[in-house]
Amino acid sequence: MKTFKQGIYLKENKELSEEQRIRRISPPAKVILPLAQHIGAPCEPLVKKGDLVKKGEKIADSDSFVSSPIHASISGKVTSIEKMPHPVGGGVTAIVIKREDGKEEGQIRDEDNEGGEIWERENKELEISSLKAEEIRGKIREAGIVGLGGAAFPTHVKLSPPKDKPIETIILNGCECEPYLTSDHRIMLERADDCIYGLKAIMKAVGAKSGYVAIEKNKSQAIALFRDKLKDEDGIRVISLKTKYPQGGEKMLIKAILNREVPWATSDGGALRPGLPMDVGVIVNNVGTAVAITEAIKWGRPLLERVVTITGSAVKNPYNLLVPLGTPFSHIIDECGGFKEDVGKIIMGGPMMGISQYTLDIPVIKGTSGILVLTKKEAVFREEKACIKCARCIDHCPMGLLPTTLGRLVKGEKWDSLKEYNINECIECGCCSYVCPSKIPLVQYIKLGKLQIQKKASLK
Amino acid sequence: MNIILISILSVGGLAAIFAVFLSIAHQKLKVEEDPRVEQVIGELPGVNCGACGFASCRAMAEEVVGGNISVGTCSAGGNDTVQKIAEILGVESEVSEKELAFLQCGAVSGERKKKASYVGIESCQAADIAMGGELACDYGCLGYGDCQTACPFDAILIKEGLPQIDVARCTGCGNCVEACPRDLISLQVLDGEVHYRVVCSSSDKGKKARLTCERACIACNICVKVCPFDACEMKDNLAVIDQRNCQRCGVCAQRCPTQAIRETES
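So the protein lines, in turn, are chains X and Z.
Take 2 as the starting number for the first sequence in the working numbering and just add one per residue.
Take 334 as the starting number for the second sequence in the working numbering and just add one per residue.
In case anyone wonders, no lab produced these hints; they're calculated from the structure.
Some clues are possibly wrong.
To be verified - Cβ pair distances, simulated, as ranges: (1) Z/429 to X/261: 36 to 46 Å; (2) Z/539 to X/452: 30 to 40 Å; (3) Z/412 to X/264: 31 to 41 Å; (4) Z/482 to X/387: 13 to 23 Å.
Claimed, not checked - Result set (DSSO-like, lysine-lysine): computed pairs, CA atoms no more than 30 Å apart in a straight line: (5) Z/538 to X/341; (6) Z/431 to Z/447; (7) Z/431 to X/78; (8) X/78 to X/49; (9) X/3 to X/256; (10) X/78 to Z/538; (11) Z/361 to Z/447; (12) X/412 to Z/558; (13) X/456 to X/31; (14) X/346 to Z/540.
Model, not experiment: these values are computed from the prediction.
Ideal Cβ placement from N, Cα and C applies to all residues, glycine included.
Only chain X is shown next, with the shape it has when bound in the complex (with noise of 0.2 Å):
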């Protein structure tokens, strides 16, 4: 079985919410869209207070080569344009719609609040074949689709590699490694075809020859699904991984699938630039990305909605929910019946690499696949002890870093090492402070020093 090197074996907790079918959320009174919901620049307000906007109608965008434009994802009035809390951290200007109930024609061709089985449209076949790379990538960046699996990298930059690093492979990521989210499995399931569709839409935007599925042993029904889907099709592969975590990650399932390694950043004049998979002639996508691309193709329809899976052992039920983009968490958690205990965390994203959350009035944004709510037993926090040198998190960091000299040089502020020991090449994935018997939080360590020494050279 393929897989990479360290890494760890989680409990994956994901039958809590595995098994339930993907519902339409009923519609939220307001949407809080925030401006900056992807990795870029952010975006302009293209409305103002007062306007009154269709659902799917472009209301911010930006002339930003890395951005992507941001659409109204329900019908109704705009009723304020301010700072409000972000689920990435700090404040951001947001948008604020808020829904009014009379009949209006929307842009888009579905009904405002289907019932039943969403999925079922009109199916406008449209054969890739007949489509133009530009006409692709043109169609991607007015859908405003970001990669989907939580970085939220606009996918039509990604797609867009300069003409000397000629791209051959495009990976579909349907691992899912974090514990707890099922959205990805969900949509591999239900919408197998969407996702195929959306990988040969990639394959065409950049020439590549040759496509590979990725999915973790674990969801076997979707690997025997995509196998039985996939049987006539030459060029694409199902790829079926070991269980372990972060299989997910971009650099793991390079290595995992192709048993090539992604170049570590390398710094000419100065300026550090970032070895990324197209150095090695890869580009990696989420599968929601692939079904959010189809759709765009398909329908022209932006992207508007996301599945998100509210799980946890503090939410009544647990549910893979398609939401629309900018609905608050507290209408979501009414949803799913409330809390059942007390709530001693509320993370957007996974255990291991989601964001803890102080409110429930902040919104899903792009990159929000799932809402997982820890009760207070489970959200214990330790207090930091010494490192015993033990290496733990040496054994088990998929980059091959040394986390523990990491956190000692910046405690003690060495930054000028720091760059030395290849400090931004951590990909943030939490193996060390999981692993860590002395509970040192590396990882907030590693972020403080990697804004520090932003910060350092931009003062330079």
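Use these hints to put chain Z onto chain X, whose structure you have.
Using the frame of chain X, we list chain Z on its own:
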């Protein structure tokens, strides 16, 4: 007896040879150093704070004596030091206004609201990247004391979660300005006279600011209305006092409902 004599003679002989060699080397290979460098170093604070932009006090002294930088470069030393350096070098001294660290947040730990419980690295920089730690205010002092650690002159002490700046010890080196992740500390002219300053940095609207902190500027505009000299201004939901126009009458501080404008020490 014999062994002792041989030892004394051989070691003593070697010492004599080396002494001759060293004294010749001292004459031939001597590096001329300006004696004024040592004198200048004697006048500098000597804590290598780095405010001048050089790695150490010695590095700066060499540059000053070499005439490459102005005699007023050591901001930490203040006017006295500058004057003494100028005397040593025999040049005109430059008198500049003394700028000292000033903290633009005035809420002690009981007055600012908490939004969550933060468990992690106890440092302002680390808490700031984790959603601002437990502090409800997005602008205020986190109180973990990064500035205290950064201060080479022991001029900052955290008291009730708020740094107290000892103006007698502060030299204006600016290390704390750099250490604060929320840019709350700035260098301001504190010339021993009374000043009225806004001790809040919150750009939140009145209601939200009031809910997050008892001492927040709520943008009520009272100071703007009562100021007889038009020195108060409201910028981005925060009062700003123009020190050039301020005549130090103190009406704004008396009338401010949240004590966000205060008379500052020294």
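Going down the list of hints, with the structure as the test:
1. Z/429 to X/261: 36 to 46 Å: Given a distance of about 60 Å, which is not inside 36 to 46 Å, the answer is violated.
2. Z/539 to X/452: 30 to 40 Å: holds (32 Å)
3. Z/412 to X/264: 31 to 41 Å: violated (55 Å)
4. Z/482 to X/387: 13 to 23 Å: This hint holds: roughly 19 Å between Cβ atoms.
5. Z/538 to X/341: violated (35 Å)
6. Z/431 to Z/447: violated (36 Å)
7. Z/431 to X/78: violated (54 Å)
8. X/78 to X/49: Holds. Residue 78 of chain X to residue 49 of chain X sits at ~10 Å (cutoff 30 Å).
9. X/3 to X/256: Holds: residue 3 of chain X and residue 256 of chain X sit about 9 Å apart, inside 30 Å.
10. X/78 to Z/538: holds (22 Å)
11. Z/361 to Z/447: violated (70 Å)
12. X/412 to Z/558: violated (49 Å)
13. X/456 to X/31: Roughly 37 Å between the alpha carbons, so the hint for residue 456 of chain X and residue 31 of chain X is violated.
14. X/346 to Z/540: Judged against 30 Å, a Cα distance of about 27 Å means the pair holds.
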